[in-house]
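In short: position in the sequence shown from 1, add 23, done, that's my numbering.
Be careful, since some hints might not be right.
Pair ranges (Cβ atoms, derived) [unchecked claim]:
(1) A113 to R272: 30 to 36 Å
(2) G160 to A112: 15 to 21 Å
(3) L91 to Q206: 29 to 35 Å
(4) R398 to R213: 43 to 49 Å
It should be emphasised that the hints constitute simulated quantities derived from the structure, not laboratory data. Think of the CB as a built atom: it goes at the ideal place given N, C-alpha and C, for glycine as much as any other residue.
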Amino acid sequence: LAFTGRALRGALRAVVTESRAALGFAARSPLVSLLGAGARGGAGAHDAARDDGSVVLLPQRLLMAMGLSFWVVILLTCAVCVGALWLDAAIVETVAEASAARAQLASGATNWEAALAGAWLPWAMGLGLALEGLDAGTLALLRRILRGALVGGAVLVAAAVAWGWRLTCTSYRRHVRALRRGQALFDRSRFDVAGMGRYIGFQVVHTIIGWAILAVLAALVGVVALPLALSHPAVGVLGPALYEGAAARARALTVRLLKVAVTPLAFQFVMDRFVFLRDGWFRYRLVHSLYDYNFIYCNAVIGIFVVATRAVLVVVVTALSLPRLDVPILPPSMVPADPGHRAFIAMLLADHQYTNPTLCVFAEIMTLALGDARRRRAMVIVDRLQRLAAASRERRARTAARRRYAQLQARP
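Based on the sequences and whatever the hints tell you, model everything.
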């Protein structure tokens with residue numbers, strides 16, 4: 024815990040330092056260069072207008088949403104790792120309790136604590152007795168596998184979230200470059216900047232829900248894969264019957280799919296691409312017509328497999344795309360009805376309007392020209408005032424000289 028606390032404090036200190044450097048218009052640092060943030064205004068306003076085609080400045084809203092999302096994901100990952108330690112301790116305690124209960128029952132004593140316990144205790148005792156039957160080496164291997172699966176799954180889910188954020192930043196840069204070229208990747212008439220303030224909250228919540236979805240998917244994969252791995256003959260923790268039965272069913276399903284769907288699809292692909300099609304035109308049209316008509320019924324049977332595949336793809340792609348607000352989850356005609364995507368586009372349009380390189384350069388040139396005009400007018404006014412002051416001093420000097428001369432003439 025002490026090491027983790029020191030590491031987190033060091034990471035937060037680095038983030039604060041980099042944020043101050045980015046907000047204070049300081050020189051570019053490695054972290055700021057990695058995130059694509061740079062100077063925005065001040066004496067170096069031209070830096071905000073510089074775009075070499077590979078670097079696009081990321082807005083503070085996107086960086087803040089990314090930082091908050093990473094903070095929550097780190098907390099959830101640490102919670103899962105601590106949960107793995109708790110599960111390991113619970114397994115040890117369950118085995119100890121089962122051993123104590125077995126000894127107590129063997130001595131003929133009455134276990135009033137077990138009689139008054141909740142309904143969960145028999146299940147825990149059954150698990151403890153099942154684990155007690157394993158030898159010490161097998162039980163230690165099982166505990167290491169469970170700890171490694173939980174910690175590894177949490178780390179993989181966090182890495183998947185980080186990769187999703189990388190894709191979001193890449194998509195943002197692509198959208199900004201397209202806007203600067205005047206070739207927006209969306210219909211600008213259907214979006215505005217009104218929902219810009221909702222982006223941070225929406226994005227953080229979507230990232231958390233996406234982490235939960237990935238964690239559930241990883242848990243389902245683990246529930247299926249872990250018993251199969253433990254029942255593998257090379258591991259030998261569980262009996263090989265489960266692994267052998269699953270392998271036999273998988274082989275039968277694979278053969279059936281090859282016969283029903285994969286082989287006809289591969290045959291049609293080869294015939295369509297390399298036999299009947301040449302330079303974009305069909306040849307052997309009579310044979311192709313007979314071939315096409317005869318495959319109607321076959322394609323109807325294959326369509327069942329295709330429907331199931333599309334349904335699985337829709338669910339998986341929607342679940343994986345849900346944390347990314349830059350990717351609309353609705354059809355193109357209904358994209359404006361997606362509030363999360365509207366918030367992302369609103370932030371994108373606001374950043375494009377207020378940090379556009381042409382606008383920044385034009386504003387700086389106009390500011391410099393206005394400052395030059397004001398300085399020239401001020402110099403004219405100062406010169407005029409200096410001339411008036413000199414003329415006034417000269418008049419006062421002549422008046423004083425005439426007075427002295429008149430006084431000298433008036434003396435006897």
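Could you tell me which of the numbered hints above are not met by this structure, giving the numbers in increasing order?
none
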